[in-house]
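Chains as they are written, first to last, in the numbering used here: chain E, 1 to 158; chain V, 1001 to 1503.
What the hints contain is simulated information worked out from the structure, not anything from laboratory work.
Any given hint could be a false lead.
One-sided and incomplete, this derived list gives chain V residues near chain E with beta-carbon spacing under 10 angstroms [said to hold, decoys possible]:
#	residue
1	Asn1189
2	Tyr1391
3	Leu1476
4	Met1480
To spell it out: a stretch of chain V is covered by chain E in this simulated footprint if at least three of its residues, at any positions, have a beta carbon under 8 angstroms from a beta carbon of chain E; those stretches are [stated by the list, open to error]:
#	segment
5	1017-1026
6	1071-1079
7	1209-1223
8	1277-1286
9	1294-1306
10	1392-1399
These numbers were taken from a predicted model, which means no experiment stands behind them.
For each residue, glycine too, the CB sits at the ideal point set by N, CA and C.
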Amino acid sequence: MNPEKNHLITGDRLMALAFALFGVLWIVTSRGLTYWSEFAPGSGFLPFWLGVVIVMLAAIVLVQSFARKPDDAVADEAVVSRPQRVVEITLGLFTCLAALPYLGFVVSITLYLAFLIGWVERRSLLEMTLVPIAASVAIFCVFKIGLSVPLPTGPWGF
Amino acid sequence: MDVLSQLAGGFANLMSVKNLLFCFLGVLIGQAVGVLPGIGPSAGIAILLPLTFGGDPIASTIMFAGIYYGAQYGGTLTSVLVRIPGESSTVMTSIDGYEMARQGRAGAALGVAAIGSVFAGLVGTIVLAFAAPALSKVALMFGPAEYFALVVIGLGALALVGGALSKGLLMGAVGLALATIGTDPQVGNPRFTFDQLWLLDGIEFLVIAVAFFGIGEVLAQAETGITGNEVEKRIGSVYPSWEELRICRWPIVRGTVIGYVIGVLPGAGATIASFITYAVEKRVSTTPERFGKGAIEAVAAPEAANNAAATGAMVPMFALGLPGSNTTAVMLGALIMFGLRPGPALFETNPEFVWTVIASMFVGNVLLAIMNLPLVGLFAMLLRVPYALLYPMILALCIAGVFSQSNSESDLWLAAAFGVLGYFMRRYEYPAAPLILGLVLEPMLENALRQMMQLSHGSLMPLVERPIALGLLLALAFAMMLPLLGKLSAGRPRTKASGDPIG
Chain E
1 MNPEKNHLIT
11 GDRLMALAFA
21 LFGVLWIVTS
31 RGLTYWSEFA
41 PGSGFLPFWL
51 GVVIVMLAAI
61 VLVQSFARKP
71 DDAVADEAVV
81 SRPQRVVEIT
91 LGLFTCLAAL
101 PYLGFVVSIT
111 LYLAFLIGWV
121 ERRSLLEMTL
131 VPIAASVAIF
141 CVFKIGLSVP
151 LPTGPWGF
Chain V
1001 MDVLSQLAGG
1011 FANLMSVKNL
1021 LFCFLGVLIG
1031 QAVGVLPGIG
1041 PSAGIAILLP
1051 LTFGGDPIAS
1061 TIMFAGIYYG
1071 AQYGGTLTSV
1081 LVRIPGESST
1091 VMTSIDGYEM
1101 ARQGRAGAAL
1111 GVAAIGSVFA
1121 GLVGTIVLAF
1131 AAPALSKVAL
1141 MFGPAEYFAL
1151 VVIGLGALAL
1161 VGGALSKGLL
1171 MGAVGLALAT
1181 IGTDPQVGNP
1191 RFTFDQLWLL
1201 DGIEFLVIAV
1211 AFFGIGEVLA
1221 QAETGITGNE
1231 VEKRIGSVYP
1241 SWEELRICRW
1251 PIVRGTVIGY
1261 VIGVLPGAGA
1271 TIASFITYAV
1281 EKRVSTTPER
1291 FGKGAIEAVA
1301 APEAANNAAA
1311 TGAMVPMFAL
1321 GLPGSNTTAV
1331 MLGALIMFGL
1341 RPGPALFETN
1351 PEFVWTVIAS
1361 MFVGNVLLAI
1371 MNLPLVGLFA
1381 MLLRVPYALL
1391 YPMILALCIA
1401 GVFSQSNSES
1411 DLWLAAAFGV
1421 LGYFMRRYEY
1431 PAAPLILGLV
1441 LEPMLENALR
1451 QMMQLSHGSL
1461 MPLVERPIAL
1471 GLLLALAFAM
1481 MLPLLGKLSA
1491 GRPRTKASGD
1501 PIG
């Protein structure tokens, strides 16, 4: 069987399991809330039943995934999967968010965009320099100055 | 005839430089607001409200109305061009609109969205002018049971249009559950905050929308390496063809009707109107398999619906003093601030105000077309930017948008985490739209459910006893049974006239 299709089916099942666990979490947590108050539902009524529905539906999705033939999984064999780019973009994003309170919006975003354009996308030095600066400054001007909407500022005020 | 003469008076009042300028400004600001994630029309109006203190209430309200329907189209721009819905009501547009952009048909998508929006806005304004009091009576017939049924039908209909029904329903339920995080809307006690203070405000729609459609989309495309090089660079004609307009004429009409009716209902809003319209169009289409792959009517209908709903939301605001949506709630506050009393008497006590604002909505919708149709080509040029340079800017805009909404770094982390979830959901074909709709509509669902059960002393019987609620639920049940009945009848062997199976 195509490994990509096998991977898709496994991932599908893991997602269903994860949602089922989410449903169980909601059921358990809602037990600590008021289920019924006099003659009306309390805070925990709807969340409890939502948790039950989620677990049931996740179970149905899981059963359906076992009933599916492997060839039913849609996988474009012509597309090459490059998961390392996903990891790079994600790690860069989390690093940027961690830096925001310390470096401010403009510097953090400029560095993150430079990483994406220069390292991940292997674009030219000119693009790696100009685009991040222009984009971060433009967005800062529109939000902070134009609309008076707050953005994270570092020790240098931007 | 009385209505016509009053409307003529409204147009006469509108034809002053100040009122026309405010109308233009409202539409322009509205579009800018719609494009920017994190700044919705209600926020745009709230930001400008202090500037209108002591000013002319007519001109100010004209501007606010322009912001409202201008924002619907502004949200469309980002939905189509970069698949980030600027407003919750443009989530459905982003599905097929973005696919059309990838096929080099961005111009046609934006063009038909503008045409549908203007048509719906103009028709909606005409209906507002002539039928506001009567429509308000219909809106008053909707009680908690009807609202509960309406939300259930919205979620169910959306689950039907995705891939697997079970996955669609699952995502809707997850969205509803996520919306219970924060504070109980009736009692006020915290729930599902897990001792985290920053969760007391719950999870905002913008955080999830940016996470799934911005960050998640970028990650999904990064993995497969589909960049701007693969996307069709040819913009093509910037306007829809006559054939495409012919295809869209009835979807636009249906979207207008559905959107307006739902918009009239206090609290329902343009979001649910666009979702239900999409589901209806897919159901009535003879080629439903094209939906999700760039079907132009899947752009035209929701766009007509969200503009019609925005106009319909003015009906309860003017006629009953009840807000039809979040934005009209802010506008209602503005009217009270101006010393006006929205309600049935407004048409009698302040006819000049009401009819001038209604007249401005005609002009504003025409301005929307004049401003946007020539600029469609310019907007579509955005696609010529290499995707390797575009998606970093998208991510930067996502970060700015999320932070600006709540001034909270926690929301940024939440958006990033949900972005990763959105990537996995896209990869394993779990639809995001039902989750988002569940998140947006849960407050209405829960309030309706609890109010209904309070009034009925704990019983669910109102769902059966009230004809409108029962009708809505039966319609959904029937729609859900149709695919099953179809499968059953396809599996039954055909028989010859003698009754013996063929073959």
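Outcome of the hint check:
1. Asn1189: holds (6 angstroms)
2. Tyr1391: holds (8 angstroms)
3. Leu1476: violated (15 angstroms)
4. Met1480: At about 14 angstroms, which exceeds the 10 angstroms cut-off, the nearest Cβ of chain E leaves the hint on V/Met1480 violated.
5. 1017-1026: Coverage by chain E is violated for the segment 1017-1026 of chain V (0 residues, Cβ < 8 angstroms).
6. 1071-1079: n = 0 at 8 angstroms, threshold three: violated.
7. 1209-1223: Coverage by chain E holds here, the residue count being 5 at a Cβ distance below 8 angstroms.
8. 1277-1286: The restraint on the segment 1277-1286 of chain V is violated, since only 0 of its residues have a Cβ under 8 angstroms from chain E and three are required.
9. 1294-1306: Three-residue rule not met by the segment 1294-1306 of chain V, so violated; n is 0.
10. 1392-1399: holds (count 6)
Violated hints for the displayed structure, listed by number in ascending order: 3, 4, 5, 6, 8 and 9.
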